[in-house]
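Undergrad: Single-letter residue listing:
Protein chains: 2
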Amino acid sequence: MGEHKAEVAPRAAALGVAVLGCGSVGSQVVRLLEEQAADLEARIGARVELRGVAVRRLDAPREVEVPEGLLTTDAQGLVSRDDVDLVIEVIGGIEPARSLVLTALEHGASVVTANKALLAEDGPTLYEAAERAGRDLYYEAAVAGAIPILRPLRESLAGDKVTRVLGIVNGTTNFVLDKMDTTGAGFAEALEEAQELGYAEADPTADVEGFDAAAKAAILASLAFHSRVTANDVHREGISEVTAADVASAREMGAVVKLLAIAELTDGAVAVRVHPAMIPRSHPLASVREAFNAVFVESEAAGQLMFYGPGAGGAPTASAVLGDLVTVARNRLAGTRGAGESAYAAREVLPMGRTVTRYHVAIDVDDRAGVLAAVATAFAEQDVSIQTVRQEGRDEDAQLVVVSHRATDAQLSATVEAVRAMPFVREVTSVMRVEGEGE
Amino acid sequence: MGEHKAEVAPRAAALGVAVLGCGSVGSQVVRLLEEQAADLEARIGARVELRGVAVRRLDAPREVEVPEGLLTTDAQGLVSRDDVDLVIEVIGGIEPARSLVLTALEHGASVVTANKALLAEDGPTLYEAAERAGRDLYYEAAVAGAIPILRPLRESLAGDKVTRVLGIVNGTTNFVLDKMDTTGAGFAEALEEAQELGYAEADPTADVEGFDAAAKAAILASLAFHSRVTANDVHREGISEVTAADVASAREMGAVVKLLAIAELTDGAVAVRVHPAMIPRSHPLASVREAFNAVFVESEAAGQLMFYGPGAGGAPTASAVLGDLVTVARNRLAGTRGAGESAYAAREVLPMGRTVTRYHVAIDVDDRAGVLAAVATAFAEQDVSIQTVRQEGRDEDAQLVVVSHRATDAQLSATVEAVRAMPFVREVTSVMRVEGEGE
Numbered sequence: 001m002g003e004h005k006a007e008v009a010p011r012a013a014a015l016g017v018a019v020l021g022c023g024s025v026g027s028q029v030v031r032l033l034e035e036q037a038a039d040l041e042a043r044i045g046a047r048v049e050l051r052g053v054a055v056r057r058l059d060a061p062r063e064v065e066v067p068e069g070l071l072t073t074d075a076q077g078l079v080s081r082d083d084v085d086l087v088i089e090v091i092g093g094i095e096p097a098r099s100l101v102l103t104a105l106e107h108g109a110s111v112v113t114a115n116k117a118l119l120a121e122d123g124p125t126l127y128e129a130a131e132r133a134g135r136d137l138y139y140e141a142a143v144a145g146a147i148p149i150l151r152p153l154r155e156s157l158a159g160d161k162v163t164r165v166l167g168i169v170n171g172t173t174n175f176v177l178d179k180m181d182t183t184g185a186g187f188a189e190a191l192e193e194a195q196e197l198g199y200a201e202a203d204p205t206a207d208v209e210g211f212d213a214a215a216k217a218a219i220l221a222s223l224a225f226h227s228r229v230t231a232n233d234v235h236r237e238g239i240s241e242v243t244a245a246d247v248a249s250a251r252e253m254g255a256v257v258k259l260l261a262i263a264e265l266t267d268g269a270v271a272v273r274v275h276p277a278m279i280p281r282s283h284p285l286a287s288v289r290e291a292f293n294a295v296f297v298e299s300e301a302a303g304q305l306m307f308y309g310p311g312a313g314g315a316p317t318a319s320a321v322l323g324d325l326v327t328v329a330r331n332r333l334a335g336t337r338g339a340g341e342s343a344y345a346a347r348e349v350l351p352m353g354r355t356v357t358r359y360h361v362a363i364d365v366d367d368r369a370g371v372l373a374a375v376a377t378a379f380a381e382q383d384v385s386i387q388t389v390r391q392e393g394r395d396e397d398a399q400l401v402v403v404s405h406r407a408t409d410a411q412l413s414a415t416v417e418a419v420r421a422m423p424f425v426r427e428v429t430s431v432m433r434v435e436g437e438g439e
Numbered sequence: 001m002g003e004h005k006a007e008v009a010p011r012a013a014a015l016g017v018a019v020l021g022c023g024s025v026g027s028q029v030v031r032l033l034e035e036q037a038a039d040l041e042a043r044i045g046a047r048v049e050l051r052g053v054a055v056r057r058l059d060a061p062r063e064v065e066v067p068e069g070l071l072t073t074d075a076q077g078l079v080s081r082d083d084v085d086l087v088i089e090v091i092g093g094i095e096p097a098r099s100l101v102l103t104a105l106e107h108g109a110s111v112v113t114a115n116k117a118l119l120a121e122d123g124p125t126l127y128e129a130a131e132r133a134g135r136d137l138y139y140e141a142a143v144a145g146a147i148p149i150l151r152p153l154r155e156s157l158a159g160d161k162v163t164r165v166l167g168i169v170n171g172t173t174n175f176v177l178d179k180m181d182t183t184g185a186g187f188a189e190a191l192e193e194a195q196e197l198g199y200a201e202a203d204p205t206a207d208v209e210g211f212d213a214a215a216k217a218a219i220l221a222s223l224a225f226h227s228r229v230t231a232n233d234v235h236r237e238g239i240s241e242v243t244a245a246d247v248a249s250a251r252e253m254g255a256v257v258k259l260l261a262i263a264e265l266t267d268g269a270v271a272v273r274v275h276p277a278m279i280p281r282s283h284p285l286a287s288v289r290e291a292f293n294a295v296f297v298e299s300e301a302a303g304q305l306m307f308y309g310p311g312a313g314g315a316p317t318a319s320a321v322l323g324d325l326v327t328v329a330r331n332r333l334a335g336t337r338g339a340g341e342s343a344y345a346a347r348e349v350l351p352m353g354r355t356v357t358r359y360h361v362a363i364d365v366d367d368r369a370g371v372l373a374a375v376a377t378a379f380a381e382q383d384v385s386i387q388t389v390r391q392e393g394r395d396e397d398a399q400l401v402v403v404s405h406r407a408t409d410a411q412l413s414a415t416v417e418a419v420r421a422m423p424f425v426r427e428v429t430s431v432m433r434v435e436g437e438g439e
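Keeping their order, the protein sequence lines are chains A and B. Here the first sequence is numbered in full-length UniProt numbering, starting from 1 and rising by one per residue. Here the second sequence is numbered in full-length UniProt numbering, starting from 1 and rising by one per residue.
Incorrect hints may have been included.
Which copy is meant is left open, so a pair is good if it fits within one copy or across any two.
Said to hold, decoys possible - Lysine to aspartate or glutamate pairs mimicking EDC-like chemistry, simulated, CA-CA at most 16 Å apart: (1) 161 - 35; (2) 161 - 192; (3) 161 - 63; (4) 161 - 95; (5) 161 - 41; (6) 161 - 59; (7) 161 - 298; (8) 161 - 121; (9) 161 - 267; (10) 161 - 39; (11) 161 - 34.
The hints are simulated quantities; they were obtained by calculation from the structure and are not laboratory data. Computed from a prediction, not measured in an experiment: that's the story for all the values here.
With the hints as constraints, model all of the structure from the sequences given.
TA: So, in structure tokens, the structure goes:
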């Protein structure tokens, strides 16, 4: 709580900037720093001077020409320099990024980072270091690429109470699910197309198994609820088991399957999870196509807000980095810090079993009398109320599609286990959570 | 340019707030100030104390109970008080709002306003007064209600270059057009339904003729392009002449009709306009339903971003006001100002005739040979290139639907005039601009 007035004035009429990393994002940052130099000076009120660009190898090929003498492999030396006021970290990964950010803050620099993995694993350490140093730590680019979500959550909604955040925060999985929805393809086929088009990596695990989305979910939950959630707190399920039948079943009920990062506040506790879910086609998130990202925010006074844009890419991410740079530079010139990380609430993180959600369950059953009644009884025994049942005869067998009302995940999964064990149940063909609707 | 460091420290450990107006927004502001008092104190770093609420009549019914002794009819006296640090103006309209805001700034208060009409008519006067006073003037609530758009444009994209803003910024007209699209109703019928449901006023002129959207377009253009655009600069067409046939014709080409507020930067000049337009159903703005608002932003580095949410309503607007309040209060405690209005570019505002757009034109013609060739010639004579033509025979006559490539509005309207005068043309049944697509 309270205001953190930094007593240090800018070290010079110009602000010194160090860029760590010169890959797809770093090279765009260097390019924009040069191209937008005059605009940046006008908006900040001081010149921004590039002091150095730290890279692993001097002779690696890169997308931008770095001015003579500014490339260095000594990143620690660069962030320790007295004439570096602002450090932009776009290396990614945990180390050496963490050590470099901590060194930069200790030496009095403000930091802008795009590093979701680092923030999700060890955000609190970084926030505390920034606070101790009286410096800014901004990270708009770490969640949902260029989409401005940090400022809306930190500042625009500062007088409101956010209750829930639903995000499509991984472009690869959204591309794959969108393909499955529009073409009827299965997961493997859609993934292959994504790989061919460059939307998925050769090893797509981090994306399709939800690790990337889980890191972003942790950051979103921390921001939205002024709490400290790390990636370990996030329940995670990927999309590799989503079938063409799931997608078709969603379509039949006017829904679409999306991989959602969900953070909710329930009685003061935080629930954070990443899993595929069906959402109604009328929901704003349903229209997020291809590799785009979007973050849907529910708050008490503002109601429903959505922020949409490219979730990745060198130039979009660099745009977010530069936006942070302008704010951090202005704060520095004014001798102040931005709306901070200081007012934190210690919040319980709910285990998945206690999280409240809804299930869509498709079951192949023998087509005989009493089946529907027996299934309904299984739901009732776990105290799960049913919203709709659709029954379709198919030759000798039939399919039941049940959508529940809200219940805890533990109740719902126990119900599914009970149903699976019933003698007339041939197979539970699809189990998926339903989000983005009322009760 | 440069930084505006206010030398005045907060006048007390607590910040004094005056609220001007206690209608649907003001009463929600007063309610939130009370309900969120503890959270606001934590986020700001100082208590916020309500010093007074200015109203026109003390005995009018209101939605919130204002604490004893705080209601006053002396607004000028209230904003001149030494113990008022922050003034929230939610009266609306030009006067007395303008005088009160200017008096507040002169007396050293920072101002948060939701007043789009005032900003669109006389924004520059207010910005200059704030700058002279070294105080903040924030107005997130004035455009698109609770949707955070001011901060993204001012701050998040500060290192990028915005090239175009397309907004659905009027909920009433979006509700009417959405009804027409989903039910096939005509304008009058859809408007009547909107009025019955409270989405349109008894006199709907300000909404349906685009005046409200034009005011917001001026503010958006000013923000996006760091320029000074007023409502008078905005070319304005409403939706009262949109027909069921227009909407059906849009549907046939996979598009939907929306009232768009458009601000574009072309060779350093600004073009600002409000008119109905067809946009493809795959465009993110197409999925903005009912009375929701959204602002779609195109920028060089970030690409395409969209901000979606409720465009009006007491609680959503109050949420935006409170978000501004937190920022302004923090700036005040830090003795600084927010990213400012100072770096302005004097930009030419293009007349509508020079604005570049595309037309969709539906024409009833006699069904005889040579008609298509003659129409195509009329387009070619104005140097307007045709993207698609659809020809449908209907008994003795036929309908031609032509969609052009991009050309100036002057060329396009001259083309339509030429077509209208052709002997075999029975009627030009629909002329509408097409937006949200490539060239």
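Undergrad: If a hint holds in the structure, say so; if it does not, say that too.
TA: To see whether the hints hold, each was checked on the structure:
1. 161 - 35: Only across copies: residue 161 and residue 35 sit 11 Å apart there, 39 Å inside one copy, limit 16 Å.
2. 161 - 192: neither (42 Å within a copy, 35 Å between copies)
3. 161 - 63: Classified as neither; 43 Å inside a copy, 21 Å across copies.
4. 161 - 95: Result: close neither inside a copy nor across copies, 35 Å intra and 33 Å inter.
5. 161 - 41: between (36 Å within a copy, 14 Å between copies)
6. 161 - 59: neither (50 Å within a copy, 32 Å between copies)
7. 161 - 298: within (9 Å within a copy, 29 Å between copies)
8. 161 - 121: neither (26 Å within a copy, 33 Å between copies)
9. 161 - 267: Within one copy, since 13 Å is at most 16 Å while 42 Å is not.
10. 161 - 39: Between copies only: 9 Å across chains, 35 Å inside a chain, cut-off 16 Å.
11. 161 - 34: For residue 161 and residue 34, only the inter-copy Cα distance (14 Å) is at most 16 Å; the intra-copy one is 40 Å.
In summary, the numbered hints that this structure violates are 2, 3, 4, 6 and 8.
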